[in-house]
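A.B. asks: For reference, the chains in residue letters:
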Amino acid sequence: MDRNQLSKWIKQPGKMGHKYSLWAVYFCTGCGIIEVPPVITSRWDAERFGVMAAPSPRHANLFMITGYVSLKTLKAIIRTYELMPEPKYTVAFGSCPINGGMYWDSYNTIKHLDKYIPIDGWIAGCMPRPEAIFIGVTKLWMMIEKGAATGYVRYRENYEYYRKNQEKVLGKLEWPPLYPLGEKG
Amino acid sequence: MMGKEIEREIKILFSDAVIDSTEKNRLKIRIKKDLAIYLLEFLKSRGFNYLVAISCVDWIKEGEFELVYQIGKIDDPLRIMVKTRISRDRAEFKSAINVYKNAQTYEREIHELFGIRFEGNPRLIPLFLENWNDIPPFRKDFDTRKYVKETFEGIPTLEESK
Amino acid sequence: MSRRELELYFGPQHIGMVGNFSITLSVEGDTIVEARANPGYLHRGFEKLMEYRNWVQNFPMVCRMNVVEPDSMEMVYAMAVEKLAEIDVPERAQYIRTIVLELSRLASHLFGCWAYANMLGLDTVAQWAMAYRDFILDLFEELMGGRVYHIYICPGGVRRDLPQGFEDKVMNFLKALGNHVPEFDAAFFNNRLFYERAKGIGKISREEAIELGATGQVLRAVGLQYDIRKIEPYAAYANVNFDVPTREDGDAYSRIWVIRDEMLQSASIIMQCLEKLPQGKVYKRTPNPFKWNIPAGDAYVRVESSRGELGLYLVSDGGNKPYRVHFRTPSFMHGIPILEKLLRGANISDVGNIMISLYVVAPEIDR
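Here the protein sequences line up with chains P, W and G, keeping their order. In terms of the working numbering, the first sequence is residues 1 to 185. In terms of the working numbering, the second sequence is residues 1 to 162. In terms of the working numbering, the third sequence is residues 1 to 367.
Simulated from the structure, these hints should not be mistaken for lab results. Here a beta-carbon is modelled for each residue, glycine too, at the ideal position from N, C-alpha and C. A portion of the hints provided could be inaccurate.
[Stated by the list, open to error] The calculated lysine-lysine pairs, modelled on DSS-like cross-linking and capped at a C-alpha distance of 27 Å, are: (1) 276/G - 94/W; (2) 61/W - 44/W; (3) 276/G - 83/G; (4) 73/W - 83/G; (5) 164/P - 146/W; (6) 164/P - 94/W.
[Claimed, not checked] Which chain P residues stay away from chain G? Per the calculated CB distances, all over 12 Å, these: (7) 30; (8) 41; (9) 72; (10) 124; (11) 155; (12) 161.
[As the list claims (entries may be wrong)] What follows is a list of derived Cβ distance ranges for each label pair: (13) 8/G - 76/W: 39 to 47 Å; (14) 125/W - 280/G: 49 to 57 Å; (15) 87/P - 275/G: 53 to 61 Å; (16) 275/G - 142/W: 50 to 58 Å; (17) 17/P - 160/W: 32 to 40 Å; (18) 7/W - 238/G: 41 to 49 Å; (19) 17/P - 347/G: 35 to 43 Å; (20) 36/G - 176/P: 21 to 29 Å; (21) 160/W - 121/G: 15 to 23 Å; (22) 193/G - 87/P: 18 to 26 Å; (23) 285/G - 141/W: 35 to 43 Å; (24) 176/P - 163/G: 57 to 65 Å.
Go ahead and model the full structure; you've got the sequences and the hints to work with.
C.D. replies: This is the structure:
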């Protein structure tokens, strides 16, 4: 470890700890689930990047949304995202969360995922290769270093906007709002 | 051969059924809707006890739905397709659940996606969709691109909403 | 529901779930009283979307229906279009299609071994299985350009010929996998732990299996030799020799053993095809895709995917787009009525065991 890294560890141990041990929630959401088992097993080992699969969302701080999102899955994703403790980061895989992708004219899938939960990073591909997933993880490290991975702060400050969009596509939601609505600041 | 025997017996018992046996290993029978369940019971009594699939086709120009039952036997390559038509405005039919037990799930799917009611099926609850309040989505008069434009693309992004 | 029953959600976010699928369980103590499958998390309305695109534009759509084994979906769509449009496929293309389908079946079975061994806790075997599957994906990448979605089998043949040296690479891979089989057997298939955890679990009888519409391994594990490659041969299967392995008991142990025996048969089929590969063209030209109208009619074709009978009912009205497409997928019957029946009276800790041994893949149910 060179002197530069060592000084970072001494000055900001919390941030370095967040970067180098991202625990991902084990949730197989869409098509991209076919490239996640190769990533977490022995050939393309993800644990050398510090990424591990955590069983419960209460223990995790990285949420990988692998592929397209249907309306029923969106409900499960919102509940899982709100259960995760802060600071939390989301990464979207594939071209379907960006603009609808191949199912742009389907009546049951979400076209822009960023309008419903905040996304920090996007990885292109259909499906992205394991190397692309690792490049995404290293870019996320750089974002955390600079303090630019602030999806959860955006969620807290604009909660009314997100909740309104969620209710427009899903109908009345059964769980109470996470942050109090109608309060400024 | 199994196909020829069955064809002869069906011609005797169901005189107004239209049979097409030009393709190898496939027997297509078109029958009126009142006699369809009786034909299924007759085929099951002859040993064709395996229901493979139930499909539905929406012929909107003729105003009818067509139900296609694919029946087979385990040790025979012959596949029998029983086709029957029902009216599009009064979309009801008798359930095949007393003849083939696994028809229940196929009828549930057709009820949700096409809107056909099957009498006698105790479990016609939604399978794939939740809170769906438009017309059944697989009908030909449901335009999915128009629905997407109205529902999803009217929502502004975060920067646009500020 | 009585007061002693509890409703649990074996929901989509669960460490024991492979794929996006949910089961609602009513449990009393440790025993399941009733189970209701809850699909629909992956419903895209595939069959509706395919009616808006013309015959050639539907290719990239079709393979995304079953992510674990996309080649059998491409094969069944190509066969249906060829039947309606009356196109003949050259001989070399049929052999190459057989090789690709069998490699895909091997990859899918290795994925199933990863899922099952991971669920049981035998992690070493899971890592081996996934690593060997990755070598098959390397072969696919060299032949077709993509690891997962290939878009290679199309009406008229296959899109390009085998590159130079490809046959040797396939043979080397099969030899390496064959040399590793005794270690797989010692660590997993002959393991006493696997026997204790899987024997007698999820037992289904022959009459129930036929009544509820089972296909594939579920039928072969109750003693019926039901394989569409033998009953109605397609591609080059009529020219190769292979067995159809069966077992008698019908429980999870038999189903996993049937999968293991099938993997050895697949390797033998690939080696025979490589020896008998004829020379010639691999593609027969089809008309301009924007002006290609197929005559009116309907057809039902079927192939043997790694999970069972995969069928397609295709209706054309004489235009340049399909009028109605209906996929008959094996997981539809395995995942809803059969799973609900087998879970009644089972223990909670066996839910993953029964579900993965029935080889249920969630995107196939919802389409």
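A.B. asks: For each hint, tell me whether it holds in the structure or not.
C.D. replies: To see whether the hints hold, each was checked on the structure:
For the proposed pair residue 276/G and residue 94/W, the alpha carbon gap of about 53 Å is over 27 Å, so the pair is violated. Simply put, residue 61/W and residue 44/W have alpha-carbon atoms about 34 Å apart, too far for the 27 Å limit, and the pair is violated. The straight-line distance between the Cα atoms of residue 276/G and residue 83/G is roughly 26 Å, inside the 27 Å bound, and the hint therefore holds. A C-alpha spacing of about 23 Å is found between residue 73/W and residue 83/G, which places the hinted pair at or below 27 Å, so the restraint holds.
Restraint check for residue 164/P and residue 146/W: satisfied, since their Cα atoms lie roughly 22 Å apart, inside the 27 Å limit. For the suggested pair residue 164/P and residue 94/W, the alpha carbons sit about 44 Å apart, so the restraint of at most 27 Å is broken. For residue 30/P, the non-interface assignment is contradicted: its Cβ lies about 7 Å from the closest Cβ of chain G, within the 12 Å cut-off. A cut-off of 12 Å between C-beta atoms contradicts the statement that residue 41/P is not in contact with chain G; the least separation is 4 Å.
With a closest Cβ-Cβ approach of about 5 Å to chain G, residue 72/P is found to fall inside the 12 Å limit, against its non-interface label. Every C-beta of chain G lies more than 12 Å from that of residue 124/P, the closest at about 14 Å, which supports listing it as non-interface. With a minimum CB-CB distance of about 19 Å to chain G, residue 155/P clears the 12 Å threshold, and the non-interface call stands. For residue 161/P, the non-interface assignment is confirmed: its Cβ lies about 25 Å from the closest Cβ of chain G, beyond the 12 Å cut-off.
Range check, residue 8/G to residue 76/W: about 43 Å between beta-carbon atoms, so the 39 to 47 Å window is met. At roughly 54 Å, the beta-carbon separation of residue 125/W and residue 280/G lies within the given 49 to 57 Å, and the hint holds. Between residue 87/P and residue 275/G the CB atoms are about 59 Å apart, so this pair conforms to the stated range of 53 to 61 Å. Evaluation of the 50 to 58 Å hint for residue 275/G and residue 142/W yields a pass: the beta carbon distance comes to about 53 Å.
Look at residue 17/P against residue 160/W: about 37 Å separates their beta carbons, and that is inside 32 to 40 Å. Between residue 7/W and residue 238/G the beta carbon distance is about 26 Å. The supplied range of 41 to 49 Å is therefore violated. For residue 17/P and residue 347/G, the hinted distance range of 35 to 43 Å is satisfied, since their beta carbons lie about 40 Å from each other. Our hint of 21 to 29 Å for residue 36/G and residue 176/P holds, since their Cβ atoms are close to 27 Å apart.
Look at residue 160/W against residue 121/G: about 50 Å separates their beta carbons, and that is not inside 15 to 23 Å. Checking the proposed 18 to 26 Å range against residue 193/G and residue 87/P shows it is violated: the Cβ atoms sit about 41 Å from each other. For the pair residue 285/G and residue 141/W, the beta carbons lie near 37 Å from each other, so the given range of 35 to 43 Å is met. Between residue 176/P and residue 163/G the C-beta distance comes to about 59 Å, which sits within the given range of 57 to 65 Å.
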